[in-house]
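Asks: Fit chain B to the supplied structure of chain A, relying on the hints for placement.
Sequence lines, in order, name chains A and B.
The first sequence begins at 636 in the numbering used here and counts up one residue at a time.
The second sequence begins at 636 in the numbering used here and counts up one residue at a time.
Source of the hints: derived by calculation from the structure; they are not laboratory data.
Hints may be right or wrong, so weigh each one.
The list makes no distinction among identical chains, and a pair is therefore deemed to hold if it is satisfied within one copy or across any two copies.
Only pairs whose alpha carbons sit at most 20 Å apart, straight line, appear in this in silico SDA-like list of lysine to any residue [as the list claims (entries may be wrong)]:
(1) K710 / T720
(2) K710 / R756
(3) K710 / A750
(4) K691 / R654
(5) K710 / R692
(6) K816 / L832
(7) K691 / I660
(8) K691 / G662
(9) K691 / V652
Here's the letter readout for the chains.
2 protein chains.
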Amino acid sequence: MTTEVKATNVVWHDGEVSRTDRYRILGQKGATLWFTGLSGSGKSTVAVALEKELAKRGRLCYRLDGDNIRLGINKNLGFSAEDRTENIRRIGEIAKLFVDTGVLALTSFISPYRADRDSARALHEQAGMEFIEVYVDCPLGEAEKRDPKGLYKKARAGEIKNFTGISDPYEAPEQPELVLKTAEMSLDEEVAAVIALLEKRGILLAV
Amino acid sequence: MTTEVKATNVVWHDGEVSRTDRYRILGQKGATLWFTGLSGSGKSTVAVALEKELAKRGRLCYRLDGDNIRLGINKNLGFSAEDRTENIRRIGEIAKLFVDTGVLALTSFISPYRADRDSARALHEQAGMEFIEVYVDCPLGEAEKRDPKGLYKKARAGEIKNFTGISDPYEAPEQPELVLKTAEMSLDEEVAAVIALLEKRGILLAV
Numbered sequence: 636m637t638t639e640v641k642a643t644n645v646v647w648h649d650g651e652v653s654r655t656d657r658y659r660i661l662g663q664k665g666a667t668l669w670f671t672g673l674s675g676s677g678k679s680t681v682a683v684a685l686e687k688e689l690a691k692r693g694r695l696c697y698r699l700d701g702d703n704i705r706l707g708i709n710k711n712l713g714f715s716a717e718d719r720t721e722n723i724r725r726i727g728e729i730a731k732l733f734v735d736t737g738v739l740a741l742t743s744f745i746s747p748y749r750a751d752r753d754s755a756r757a758l759h760e761q762a763g764m765e766f767i768e769v770y771v772d773c774p775l776g777e778a779e780k781r782d783p784k785g786l787y788k789k790a791r792a793g794e795i796k797n798f799t800g801i802s803d804p805y806e807a808p809e810q811p812e813l814v815l816k817t818a819e820m821s822l823d824e825e826v827a828a829v830i831a832l833l834e835k836r837g838i839l840l841a842v
Numbered sequence: 636m637t638t639e640v641k642a643t644n645v646v647w648h649d650g651e652v653s654r655t656d657r658y659r660i661l662g663q664k665g666a667t668l669w670f671t672g673l674s675g676s677g678k679s680t681v682a683v684a685l686e687k688e689l690a691k692r693g694r695l696c697y698r699l700d701g702d703n704i705r706l707g708i709n710k711n712l713g714f715s716a717e718d719r720t721e722n723i724r725r726i727g728e729i730a731k732l733f734v735d736t737g738v739l740a741l742t743s744f745i746s747p748y749r750a751d752r753d754s755a756r757a758l759h760e761q762a763g764m765e766f767i768e769v770y771v772d773c774p775l776g777e778a779e780k781r782d783p784k785g786l787y788k789k790a791r792a793g794e795i796k797n798f799t800g801i802s803d804p805y806e807a808p809e810q811p812e813l814v815l816k817t818a819e820m821s822l823d824e825e826v827a828a829v830i831a832l833l834e835k836r837g838i839l840l841a842v
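Next comes chain A alone, as it looks inside the complex (with noise of 0.2 Å):
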């Protein structure tokens, strides 16, 4: 992350209790699911089935969804380029302190530019904390087909600017961990998809 840091006199203050401490109470090891895609995509339907199927195996989970979270920690940003990258920057900040607390965070944002995502991983990585991008690949013409929200039709008459496919870009990622066809897989496929690969990287099992 490259925002400075204007707070001086700060040290970091390690605590007498340590994630793998926090791990091993919760029995499973936190990580970070980062869903990634176009408005309509259906990063929202995977994240919430996600959730329930986790749920019913004893597994904690919590939700940092683009809407809600934008009505509490970043109900002072709107949708610039800049604001865009700073709600960005700061779900990845709140989503490592999840991982670090041992939870599975689902976050499901737009999050359209890759610069954005590459620092949320960073974040994760440089501090040894899982981050697993899930690209939600929907073609444009589908999303706008379904536009759940009637979003597309506000945005192509014109009353939504900086809207992501249409007049705002979205740079897919290139190396995610997943990627899920949401145009072709069921809902049941896509969970079943996402669980295989946290069981194959070990975050399932009691640590």
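Replies: Relative to the frame of chain A, chain B by itself:
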């Protein structure tokens, strides 16, 4: 909170896993323990000791620390009154996410302004979440004598501006849930007082 919502076309997404489901998975209730007091009053010391004792009992805590948070999500904030308010606003929102997850969030920040702390409390209480304000009450003379980071010395020399207790006000809580007089109590006594309060409020009971 009076922060204006800049994002439009945003709606709250409910998932299918509730807060109660998460509390059941964890076997505890989430709560924010908000430690407030002067620099050097002993906020971090008691939070670290409490975290250790709770981990020993198998409870999941996470410490949001003034110094730590400022190196991450709030790295773009300084110590002006405006930045302090935004600092505390964001921390209140993050703590709320942790409580929603089921975690005991231990926040130790000077948080000198009553209105800011009250906003963090309101955020929690409006959502039916536990918010426990712990006033770490240490006389300025004692805190300045301790001066663990040498900050009072620098503030007296004019090298640090906006320093709480010296050149910036500290507004003591009027109705905190708990007062810890750290110049008179031992660390063990402080931890025991917090644990007793958590037990009394039914937070440490399995739900």
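Asks: Does each hint hold? Answer for all of them.
Replies: Each hint, compared with the structure:
no., hint, in the structure
1, K710 / T720, "both (14 Å within a copy, 14 Å between copies)"
2, K710 / R756, "between (23 Å within a copy, 18 Å between copies)"
3, K710 / A750, "between (22 Å within a copy, 19 Å between copies)"
4, K691 / R654, "between (24 Å within a copy, 14 Å between copies)"
5, K710 / R692, "neither (33 Å within a copy, 37 Å between copies)"
6, K816 / L832, "within (15 Å within a copy, 50 Å between copies)"
7, K691 / I660, "both (19 Å within a copy, 9 Å between copies)"
8, K691 / G662, "both (15 Å within a copy, 15 Å between copies)"
9, K691 / V652, "between (28 Å within a copy, 9 Å between copies)"
Hint 5 from the list above is the single one not met by this structure.
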